[in-house]
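Novice: All chains should be built: construct the whole structure from the sequences, respecting the hints.
Quick note, the sequences are listed as chains C and F, same order.
Its first residue numbered 1, the first sequence is counted upward by one per residue in the working numbering.
Its first residue numbered 1, the second sequence is counted upward by one per residue in the working numbering.
Check each hint, because a few of them may be wrong.
Listed next, with one range per pair, are the computed distances between beta-carbon atoms [said to hold, decoys possible]:
1. C:278 with F:280: 48 to 54 angstroms
2. C:299 with F:5: 55 to 61 angstroms
3. C:197 with F:61: 50 to 56 angstroms
4. F:576 with C:405: 36 to 42 angstroms
5. C:64 with F:576: 21 to 27 angstroms
6. C:278 with F:130: 17 to 23 angstroms
7. C:303 with F:381: 54 to 60 angstroms
8. F:60 with C:303: 42 to 48 angstroms
9. C:73 with F:576: 20 to 26 angstroms
10. F:142 with C:371: 27 to 33 angstroms
Hints listed in this document are in silico derivations from the structure and should not be mistaken for laboratory results.
For each residue, glycine too, the CB sits at the ideal point set by N, CA and C.
One-letter residues, chain by chain:
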Amino acid sequence: MRRQGGLLGIVLAGLTAAAMTTGVTTAAFAQDEIKIGEINSYSALPSFTEPYRKGWQLAVEEVNAAGGINGKKLVVVSKDDGGKPADAVTAANELVSSEKVVMLTGTFFSHIGLAVSDFAKQKKVFFLAAEPLTDAITMSKGNRYTFRLRPSNYMQAAMLADEAAKLPAKRWATVAPNYEYGQSAVAVFKELLSKKRPDIQWVGEQWPPQGKIDAGPVVQALAATNPEAILNVEFGPDLVKFVREGNTRGLFKGKSVVSFLTGEPEYLDPLKDETPNGWIVTGYPWYDIKTADHDKFLKAYQAKFNDYPRLGSIVGYGTIKAAAAILAKANSTDTDKLIEAAEGIKLDSPFGEITFRKSDHQATLGAYVGKTAVKDGKGVMVDSVYRDGKDFLPSEADVAKERPKD
Amino acid sequence: MSFYVVQFLSGLASAAALFLVASGLSIIFGVTRIVNFAHGAFYMLGAYVAFSLTERLSGTLGFWGGIIAAAVIVALIGVLVEMLLLRRIYRSPELFQLLATFGLTLMVEDLAVLIWGPDDLLGRRAPGLRGAFDFFGQAIPTYDVLLMVLGPVVLGALWLLFHRTRWGVLVRAATQDRDMVAALGVNQKWLFTSVFALGVFLAALGGALQIPRDAVNHTMDLRIIVDVFVVVVIGGLGSITGAFVAAVLVSELNAFGILIFPKISIILVFLVMAVVLIVRPWGLFGKPEAAARQTPGLAVQPWRPLSSQARLAFVGVLILAAALPLLGSNYALIVGAEIAIFVIFAVSLHFLMSVGGMASFGHAAYFGLGAYGVAFLAKLAGLPMIACLLLGPLLGLFGAIVFGWFAVQLSGVYFAMLTLAFAQIVWSIAFQWVDVTGGDNGILGVWPAALVATPARFYWLALAITALSVVVLRVLVFSPFGYALRATRDSGLRSEAIGINSKRIQWTAFVIAGTFAALAGALFAYLKGSVFPDNAGIALSVDSLVMVLLGGVETVSGAVVGAIVYKALSIWLVSYTELSKLVMGAVIVLLVVMFPKGIVGTFDSLIESGRLSFLKRGSSRATQTEGAE
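Specialist: Listed below in structure tokens is the structure:
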């Protein structure tokens, strides 16, 4: 294999040259546009990110139709992270170094959100996290460069614990995917509910791995603990399997079920006529929201895409609208000015006015809480009420205790 | 009591689903020796096609007709894949077919989303099997009963097929000794095609039968593929009964395990596999693998160190690469550093695979340990970067010492699967031990020291360490240790006979490879600024295999090229295309067809055979023939 080195050399040289040209071509700078970077798990999680993408595309169109950002055109450069934090950091690097974006937005998974937020802190870039639910991103691992739009795990748990406390049930069991999101959702819910209802007993818990629930044995094991109520944190295909086995085996009969996120169209729609009745859920009943803000959004969305919005659409739309509002208020692309502008900013969302709290950079976007039902062979949310995020934020004292000082 | 009975039955139903898919994989591997990574993709396609058919066909007949038709349709797709793709590469180096099936899997995932959309699909319930039996107050779904019956029925049918038909006799003969079967005049081509079709049929049937219980979605393939491999290996390769027993064992341990440890599912199958392989190195029902018989008279080109010209070329390339900061943007440098790190990672696995003849499916374990080693030292002990880079990889070294000792007792696919089990154990510790590792939220804030914080300097650091690693590993290949290692690879018996302690040599090689992987992981932690369980995950182990195979497993340093091509391509595709998996998969399949010995391997043989003589410098040397086994 004597000649391999020479050959290797040729191949290597070619590739190095190819690598060099990648990224060298910096996009032409236009004075009259502002670029935002956006990263999400497009290939790993299309059921959420497709509607999400439509949402932000609509927002960009609206912002530019209304004259852009103080006269400059808004451009969003979007990258896929493939569901991997390491790839998200590569994308963030590309957006910041090559595309020269003025801020980063997006992300779905909590660990990816955290990786990008730490990148933002290191490189001193503004980051508006769209979807990641983990409390850590604004609390224990929060930093001054990172803001978050969606109601956090804590906030959703607080909304659900309020409703759960009204139930007569005393024996509770939990089922949640075995990773940080599931663990912290259960922990917060337990803490809040036990505080309101000291008489409650936690009789059982199941932690199937995310994406790989063996639903039959899990349902059976839950039933064996003989609970009066169940907290569910499963979502996606796991939820479908859990619900199907639970229905067949009669797990939910005569029991109250409180469930995270199940009312979101992304997770509710696949259940079709097998949607369980009367679960107390957080979600997004787009068909049932009668506010002017939402009507306007809904009409525009349906006109543009000929499809109904999912929660992802709200998140994508809200993220870019918030980014645009922050840029307009700052009237600058300087990171410190952006942070200053974002803290306490007031802006409209399809769910009404929201703001980003100064102390932890959490938005006050809320969620709808209601009950599941089947209508015309489809799963829907009924009796929904909007819970404003500002009423469910973690207390300032907790923030001061947990969040590192900048 | 009735509860435990029902829990047992639930476990049996899960086992049946697993067994169907596993039996197909086992049959395919037994005869064709293909590690069919696409088996999960065929399972998923079975579910998708069955979904579409059962939505259109009505009634009981429509439902079951749809299920069977789906399995047949997907089996036909399997036949096409075998005839058009796999037939071209049966003569390739061992495991090369894994690369082709990996490419297919990537393509199928994106195609499924393109055809059926991104939403989770709820398949129809089986007509008349919607409800449940009452068993002393416990419910047993009627569909589960059907699955419970179906498992043993399929097992019986396969037994009859293999023991009572001529075709079955040929298949069993080929499983034992396919060269002998060929020598006796059996047309292997059609035997392989039919076996592949049967295996794919079973996978697709397994998938189709899931539609009344599952949501059909584009992640089904990866959800099942690893578990299925594990079941096949626990049972013993090529043993259908073994696969059945293993499926039941795994499912029942899970069904009862979760009653005591609700978090056990995440690691259970891998623990079972590790224990079984340590106690029974060939699985429950497997037999020791017959020594692979290489074709006699095959011209093997012995490895030689680089000529002085080639060394000059290497230095030239290195200088060229080091000049990148003068031309490239910061982003190009960051990508360059990432590629360099993956070169170390790939080269370390390549050392183990091609020099040591040990293909590891869990090489990311040591990469991850190196990354966590750095993160612990930097965040918990607050050590400076230099100390972290030097000491962090020691965690990988330590892991390789422990796991390597067990792993080198095995060989072939069993070795590969035991390394996979160890990697999954590392991954799940990182994932579960939240207090120490931060769980899946990882450890943040592992950034390089100010001295090398700029992209250019970090790139130079990574490049220097990479060049050093490649040189050190090459020197090892041509050292007495390297010769001894190659001896154990080529003939265990002969090397023992001349006094080489082959297990000791292999163990040492394992530790060396693990340490270099850990070094790559350590650098990677600083490049990304954060460490996650992903860094020890299956996806990364697969990536490293792909890089080595792409470069050419029979070469000295092909992994260098494999890593550069694969990593550059994947970063570029993810950034610039919507359908990165589809394009990546297609490119891999194309490369597999164009370079059946890997990129470098194929170029080498072309040069040696004189077809690319213009690349052949100096006096031509007579091809030496090495006595093969």
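Novice: Each hint should be assessed against the structure and marked as holding or not.
Specialist: Here is how each hint holds up against the structure:
1. Take residue 278 (chain C) and residue 280 (chain F): their Cβ atoms lie about 51 angstroms apart, and the range 48 to 54 angstroms holds.
2. Between residue 299 (chain C) and residue 5 (chain F), the C-beta spacing of about 57 angstroms keeps the proposed range 55 to 61 angstroms intact.
3. The supplied range of 50 to 56 angstroms is met by residue 197 (chain C) and residue 61 (chain F), whose beta-carbon atoms lie about 53 angstroms from each other.
4. Checked against the given bound of 36 to 42 angstroms, the beta carbons of residue 576 (chain F) and residue 405 (chain C), roughly 41 angstroms apart, stay inside it.
5. The beta-carbon spacing between residue 64 (chain C) and residue 576 (chain F), approximately 24 angstroms, falls within the hinted interval of 21 to 27 angstroms.
6. Checked against the hint of 17 to 23 angstroms, the C-beta distance between residue 278 (chain C) and residue 130 (chain F) comes to roughly 20 angstroms, which is consistent with it.
7. For the pair residue 303 (chain C) and residue 381 (chain F), the beta carbons lie near 58 angstroms from each other, so the given range of 54 to 60 angstroms is met.
8. Between residue 60 (chain F) and residue 303 (chain C), the C-beta spacing of about 44 angstroms keeps the proposed range 42 to 48 angstroms intact.
9. Distance hint check for residue 73 (chain C) and residue 576 (chain F): the Cβ-Cβ separation is about 22 angstroms, which falls inside the suggested range of 20 to 26 angstroms.
10. Remark: the range hint 27 to 33 angstroms for residue 142 (chain F) to residue 371 (chain C) is upheld by a beta-carbon distance near 29 angstroms.
The structure meets every hint from the earlier list without exception.
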